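Protein chains: 2
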Amino acid sequence: MSAPISSYVSQERLWHRHEQLALIGATATGGVNRQALSPEDVAACLQLVEWGQALGMQASRDAAGNVFLTLPGSDADAAPVLTGSHLDSQPTGGKYDGVYGVLAALEACEAIRAAGLTPRRRIEVVAWMNEEGSRFAPGMMGSAVFAGVRRLADIEAVQDAQGVRVGSALREAAEALSAIPLRPLGRDVFGYVEAHIEQGPLLERLGKTIGVVTGIQGKRTFQVQVQGEAAHAGTSTRAERRDALMAAVAMVGALNVRMHDELDVLKFTIGRFSVVPNAPSVVPSGVMFSIDLRHPESAVLLELGDAIEAICKANAGPCDVSVKELSKAMSLEFPADMRKRIRDSSNALGISHMDILSTAGHDARYVHEVCPSAMVFIPCHKGITHNEEESITAQDAAAGAKVLTEVLVGLALS
Amino acid sequence: MSAPISSYVSQERLWHRHEQLALIGATATGGVNRQALSPEDVAACLQLVEWGQALGMQASRDAAGNVFLTLPGSDADAAPVLTGSHLDSQPTGGKYDGVYGVLAALEACEAIRAAGLTPRRRIEVVAWMNEEGSRFAPGMMGSAVFAGVRRLADIEAVQDAQGVRVGSALREAAEALSAIPLRPLGRDVFGYVEAHIEQGPLLERLGKTIGVVTGIQGKRTFQVQVQGEAAHAGTSTRAERRDALMAAVAMVGALNVRMHDELDVLKFTIGRFSVVPNAPSVVPSGVMFSIDLRHPESAVLLELGDAIEAICKANAGPCDVSVKELSKAMSLEFPADMRKRIRDSSNALGISHMDILSTAGHDARYVHEVCPSAMVFIPCHKGITHNEEESITAQDAAAGAKVLTEVLVGLALS
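As they're listed, the protein sequences go chains A and B.
Numbering follows our numbering, in which position 102 of the first sequence is assigned residue number 102; successive positions increment by one, without gaps.
Numbering follows our numbering, in which position 26 of the second sequence is assigned residue number 26; successive positions increment by one, without gaps.
Just so you know, these hints were derived from the structure itself, not from any lab.
A few of these clues could be false.
Note: identical chains are not told apart, hence a pair may lie in one copy or across any two.
What the hints assert, rightly or not - Pairs of lysine to aspartate or glutamate residues, derived as EDC-like cross-links and limited to a Cα-Cα distance of at most 16 angstroms, are as follows:
hint	residue 1	residue 2
1	K340	E297
2	K328	E297
3	K340	D355
4	K382	E19
5	K382	E229
6	K382	E240
As the structure is a computational prediction, the values presented were derived from the model and not from experiment.
All chains should be modelled from the sequences, with the hints used to inform the complete structure.
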């Protein structure tokens, strides 16, 4: 019996590429700030393209800012196998979230090339545009447009905190990437596999190397705008004030009570809270805050998400409040056949595995809408993520890339 | 009987100068953004100097960024009479807060010159550096250093939100103002009179034109730093989180309960509330919020201000919190003799007046430490201030300038 294709996976090369990408947008305190469509994000895409082209892969990009590298197959008419993740990060993000899935996919292609294999289907490595949603909310924009879940025109209108639109940032990125041929949005895909760090503590805690992702928990995101009136901190009485901050604090307090889940399964987060004019001696005239709500059971997610507007209104005091839902994604389950491929490959390689629910959202959520999809998780130290301290081991990274390689080969040969 | 000196006050000139200064840092929505030591703030000082020099006044400045215009007296050895206010504004400020006191002082000098009077004491018009404290907190920096209440080195170390230090901003402003001679910090002053808009609704409501300010209510300011840990909004459980925003919201809620004053005399304001990293899908790692606490009774101010740290610590949950007091100014009363001068001048001119407590802080607070001081208030529509809607009438502005002129003449002749 010959060595498996995945035996050509190089732990050293895979780890070294993580280190090289971590230099792009590196922060002074050990993390990465490479927000979507920033010069750093574009530079990371260009580095990826350079590595792929050195391997003989063809680069392409689409109007949604997604970047692709194609490893040709023997049957040009066969629908491709897609694999990848994202290169953008949170403002104080880690080195592995997203990056791992892209580099593991590239490493799988390295292994397939090194083994001298040309599978029937071509394999396409993708870096999706704006998964994180920290600069332009909500995230997973590139995969949403690819899958037809959102329209390009809709995401183009979204603005960042400085008033820059996605459309204008995309045009700027397109200039920097102009040497890479543009291709039409979306296409037939045979199957999609995304490798990712777990972003939770379970694999490490239970001593397993591979997480066979059963599905992704549902998520709804909201933006709450509280409008009051600016006033002098020393002269305006409480009775006269329309204090947007005090109203927003009352709303967040009441929401926190309503969202209390004894079982601690519900995830309720206010990540952004921006005050205007944000000056010490001015009663705030406005507050904008975000709500991120997640639960694996769609019924719970529907009930609690639908309660938000009434809670905000009941606590607005003398202020006005408007609640806008930015995204609404119910829980999903990946196809049993795709999950079996990951289990079987792990078993064949003697790598431990377990089933696991993804509590984080991923691009696979949207790609799942257009083709059979799956996700491979590897451990993430203490589950710390969206944090500069995020860490994984080179061994786990290589093990995940090996399983991914075997799953991709299986799909590409079929 | 000859016409009073103040009959030379020109309502038109005074109003026109307000309009001209409002162009410097004008916002699209009718207000002014001319924060301390910004290019706009410096430009406003240069405009003031140009007007003063046209009147034959001598310009000077000190190391704390305060700008002076001197109208010479007949006795160069006599301590001067000081008058003025500030030209800096809140980020979304109005056209009159501060500016009025500077332009009314300049108009008084115009009237004295036009009347052909040379009083014994010279009169100095001052524009104090950074009264507002919105860019560099706390405010009233220039007057504090002038009065010896704060050391120059202490204020130089203060940073704005972009990390720019007062020291470096002062050096930049000094370059732009280099044509104006530098003079030593502080000096003997015979008396100080500051005109200002009321920033409250009482004069307008009671139909009075002049407020004879009895004193300034006490004020304490604090900065609260809440430290948690960044985490993924979808994967970290509530039990695992150290959510700085939820801790800060609990603190603000508890503070708001403790600071509830049935009589609505206490002023409690959280004007600044800044979240890190402030991204929708990241559990916040840090929150910095400001506290502005004011009350006319020093005992109340001491008791409530001293309670803040314990309340924050009791509500920190799994986060760390540190509370730093930035400024502590007890209530003060202006000298009866100085107040009598304002009453007498108003009566002589047939202008209605009433005694009034200043609930806002002013540069007069610190100048009061080094010489007999007083303040003249004029009405401010509906008490709206620190707001782009701030408005006054040209008639009230002129009436206040006339009273100021008579008070200054009385002091300068003595």
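Outcome of the hint check:
1. Taking the closest pair of Cα atoms, K340 and E297 never come within 16 angstroms of each other, the shortest separation being 23 angstroms inside a single copy and 74 angstroms across copies.
2. Only within a single protomer do K328 and E297 lie at most 16 angstroms apart by alpha-carbon distance; the minimum there is 13 angstroms, versus 52 angstroms between protomers.
3. With identical chains, the CA atoms of K340 and D355 are at most 16 angstroms apart within one copy only, with a shortest distance of 10 angstroms there and 84 angstroms across copies.
4. For a Cα distance limit of 16 angstroms, the shortest separation of K382 from E19 qualifies neither inside one copy, at 21 angstroms, nor across copies, at 61 angstroms.
5. Proximity of K382 and E229 under a CA criterion of 16 angstroms is satisfied inter-copy only: 13 angstroms between copies versus 44 angstroms inside one chain copy.
6. Taking the shortest alpha-carbon separations for K382 and E240, only the inter-copy value of 10 angstroms comes in at or below 16 angstroms, while the best intra-copy value is 49 angstroms.
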